[in-house]
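J.: As a plain string of letters, each chain reads:
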Amino acid sequence: MTLPYGDVGLVMTQNDAHGAKAAAPTARVVVRSSIRSDSHRRAVRAALPAAPLLIFLLLFLVIPIGSIVHTAVSDGEIARALPLTTQALQAWDGDDVPVTAVYMTLGQELEAAGHAGSIRPLGRRVGYELSRGANVILGAQRTLSKDFDRADPQAWKAQLIKADPAWGQSGVWSIIRHYNGRYSAFYLRWATGFPVKIEADGRLSQEASYDFRSIYLRTILISLVVTGLTILIGYPVAYVIANSSGRTAAVLLFFILLPFWTSLLVRTMSWIVFLQTNGVLNNTLARTGLIPEPLPLLYTRMATIIAMIQIQLPFTVLPMISVMRAIPTNQVKAARSLGAGPLRAHATIFLPQSIPGIAAGGLLTFVLCLGFYLTPALVGGPSDQMVSFFIARFTNEDLNWGLASALSVILIFGAGLVALPLARHVARHSSDRI
Amino acid sequence: MPRARSFKQSFLVGLVLTAVSFPALADGLTVVSWGGALQEAQTKAFLDPYAKANNITVTQDTWSGELAKLRAMVDSGNVAWDVIDVDPQTGATACDQGLLEKIGADVAFKSAGLVDGALTDCAVGTSVYATILAFQKQAFPKAPTKLTDIFDSTAFPGKRGFRKSPVDTLELALLADGVAASDVYTTLATPAGVDRAFKKLDTIKKDIVWWEAGAQPPQLLKSGEVKMALAWNGRIADANAKENADLGIAWTNQIRGFDMWVIPSGSKNLAAAKDFVAFSVKPDVNATLSNYIAYGPTVKAASDLVAKDVLPNLPSAPQNSEGALAQDGAFWAKNGDALNARFSSWISQ
Chain A
1 MTLPYGDVGL VMTQNDAHGA KAAAPTARVV VRSSIRSDSH RRAVRAALPA APLLIFLLLF
61 LVIPIGSIVH TAVSDGEIAR ALPLTTQALQ AWDGDDVPVT AVYMTLGQEL EAAGHAGSIR
121 PLGRRVGYEL SRGANVILGA QRTLSKDFDR ADPQAWKAQL IKADPAWGQS GVWSIIRHYN
181 GRYSAFYLRW ATGFPVKIEA DGRLSQEASY DFRSIYLRTI LISLVVTGLT ILIGYPVAYV
241 IANSSGRTAA VLLFFILLPF WTSLLVRTMS WIVFLQTNGV LNNTLARTGL IPEPLPLLYT
301 RMATIIAMIQ IQLPFTVLPM ISVMRAIPTN QVKAARSLGA GPLRAHATIF LPQSIPGIAA
361 GGLLTFVLCL GFYLTPALVG GPSDQMVSFF IARFTNEDLN WGLASALSVI LIFGAGLVAL
421 PLARHVARHS SDRI
Chain B
435 MPRARSFKQS FLVGLVLTAV SFPALADGLT VVSWGGALQE AQTKAFLDPY AKANNITVTQ
495 DTWSGELAKL RAMVDSGNVA WDVIDVDPQT GATACDQGLL EKIGADVAFK SAGLVDGALT
555 DCAVGTSVYA TILAFQKQAF PKAPTKLTDI FDSTAFPGKR GFRKSPVDTL ELALLADGVA
615 ASDVYTTLAT PAGVDRAFKK LDTIKKDIVW WEAGAQPPQL LKSGEVKMAL AWNGRIADAN
675 AKENADLGIA WTNQIRGFDM WVIPSGSKNL AAAKDFVAFS VKPDVNATLS NYIAYGPTVK
735 AASDLVAKDV LPNLPSAPQN SEGALAQDGA FWAKNGDALN ARFSSWISQ
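Residue numbers (the numbering used here), protein chains in the order written: chain A, 1 to 434; chain B, 435 to 783.
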């Protein structure tokens, strides 16, 4: 009576041994699959609340980043406008100039591109890689519209070389030959600072161009300095807030959070007012007689760094506070009671335990700093601009979206490379505290 | 059902709105200039009178000569601008790249009696402006007298403003380095000449504050951010007249240019746009611009109609013309791309 189902089950197996044996596999499958579909359903149901997050990530992270990567490697202008020429050029060995027949193919395709309206994008694309490249393409198309013997390939060749002597050299041909597909690493090579521009004769161009490596280096350097200084300034602040209670902590926290509630633009503009030649700071210093004439503070790297520190401080301080609050105060007291001085007790007991907070705050600030645009653009000089400035420039002004995307891709993956291992480290070491 | 109705309703509202806004787009004329005092003056002298006389809506937009924007419009076939104000080099570059209607051959403009250089393949000049040196009068014991003084940081220490563009900047660097005005463009056409100009700029690079819009230099001078700045003369005269800025102007070595109307190729209102440009070069209309900004007329017959009291402020006044250099649009159309690239990379270092 205590185990009724067990008894029944036992009786069943004894009585219907044959039938049960035959039925067992199917029954087991049915049961198992119903269990599986049930657990499947349960898993789906459990994941449902996360669906908005997943959809959000897909729409605003995966798809945009994917399309940026796609733009960075898309490079189909040449193959699209000159499909037959690129094909015909595959047989060319790259020495001197291609055979005369190719000139005719190219000329006809240039004319077609002129009618289809794809000649200027083509000219711009060739111009990225060949000095005066846009003129070479547009000039050729213009000269071909004049009268000459269209049946004779020699005449096409003569006409093209007359339009621009570059057609009689290997440079432009080697570029057209190289881009026979829809994708290339050209923009990524450009964005990582490799020399990409050549002269008409195929030599590397001596023309000065953007030094993207030093721009990335500058971006990293400014971000590191800002991160370091926010940690130095933020640590004591976080310590005081974490160790005070009630009203004092609330008031201090309020001051830390205050900048969060003001627009980034407003905060940056107020730095302009504060730092300009006849601004608040210079006037105050001049009135106290500390400086004979106004200091040049605005449009400098120092102004950029100061303004960025002010904006980033809350991001550094808040994670520090949450970690410091979890550090048991009696451990420091114990160290003190065992004879350690206040500094030694702090350095050996408190500081090591607050490192996850410092790392989390520092990492957050560093990664955010890498993408700064507005603040350096407004308070910095031309030599203080970070990568984002150039991304914006190439997106809005030069309309060179391939290069802008390539710069973004490198920035995103560079930041990820730094952030991910550190973030895992931080998470591992702080999981037991937060 | 309610959802369907609300969709239908909003669709109808949208349809009505589109219908209402379309005629405005089709009939109007969109004119683009460089904002600030220049555009205000052009509005008073050209746009408003034209709109009134022809009962047409004139919409305005501003730009700073960024060709990429224009290029994007023309390439996509979605040209929202009808008439654009350019300086000679922007006009020549855009014309060369096939972005503009070739209106220069039209009889209406050929017979308008424009001064030399004011009519090119694609552009019709409407006023003469000059890049000059403006300065705070009390900043230096001895006032600067010529544009090239901006390179002399011993006699004139402090921050100085330049336009963030190689145009005018490189020419001036060569002038300051001792190249004669007549040789400036031939020198700048050689790699050695370009190196020389950048080397000269290097000597004051750390003191330069770069501006982008024409309204900025008077602002920078007034706030004391810079002590002297290259600027367009009309903007400084305007700040002196309207805001009591009390800024000095040095005219010697002025770099002269034309404000010119161009029409982007594929403009949806080509006929009206041409009509408007022709209106701007009628002598009596052309002369009125000088009443609102210190820029001179381009129509020969208009120069007698300019009010006497504004003459001394115009770039063409004899006492202002010493060592004047005319901006060479064709030079920039040919070399602009390479020089712009070099300038952009130089400035970011």
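Careful, some of the hints might be misleading.
Said to hold, decoys possible - Covered stretches of chain B, as calculated for chain A (at least 3 residues, CB under 8 Å):
id, stretch
1, 653-661
2, 772-781
Stated by the list, open to error - Some chain B residues close to chain A (C-beta under 8 Å, calculated; not the full set):
id, residue
3, 497
4, 500
5, 502
6, 505
7, 506
8, 509
9, 513
10, 531
11, 593
What the hints contain is simulated information worked out from the structure, not anything from laboratory work. These figures come from a predicted structure and were not determined experimentally. Ideal Cβ positions, reconstructed from N, Cα and C, are used throughout, including at glycine.
J.: Taking the least C-beta to C-beta distance, is residue 531(B) closer than 8 Å to chain A?
T.: With a closest approach of 7 Å, the residue 531(B) hint holds.
J.: Would the stated hint for residue 500(B) survive a check requiring a Cβ distance to chain A of less than 8 Å?
T.: Holds, about 6 Å.
J.: Is the interface hint for residue 509(B) satisfied, with its Cβ closer than 8 Å to some Cβ of chain A?
T.: holds, 6 Å
J.: Please check whether residue 497(B) passes as an interface residue: C-beta within 8 Å of a C-beta belonging to chain A.
T.: violated, 11 Å
J.: Under a C-beta cut-off of less than 8 Å, do 3 or more residues of the stretch 772-781 of chain B approach chain A closely enough to confirm the stated coverage?
T.: Three-residue rule met by the stretch 772-781 of chain B, so holds; n is 7.
J.: Can you verify the interface hint for residue 506(B): is its Cβ closer than 8 Å to any Cβ in chain A?
T.: holds, 6 Å
J.: Given as covered by chain A, does the stretch 653-661 of chain B meet the bar of three residues or more with CB within less than 8 Å?
T.: holds (count 3)
J.: How about residue 513(B): closest beta carbon in chain A under 8 Å, or not?
T.: The hint is violated - residue 513(B) has no Cβ within 8 Å of chain A, the shortest such distance being about 13 Å.
J.: Given residue 593(B) as an interface hint, is its Cβ closer than 8 Å to any Cβ of chain A?
T.: holds, 6 Å
J.: Grab the minimum C-beta distance from residue 505(B) to chain A and call the hint holds if it beats 8 Å, violated otherwise.
T.: holds, 7 Å
J.: Can the hint on residue 502(B) be confirmed by a CB-to-CB distance to chain A that is less than 8 Å?
T.: holds, 4 Å
Consistency note: the structure conflicts with the earlier hints numbered 3 and 9.
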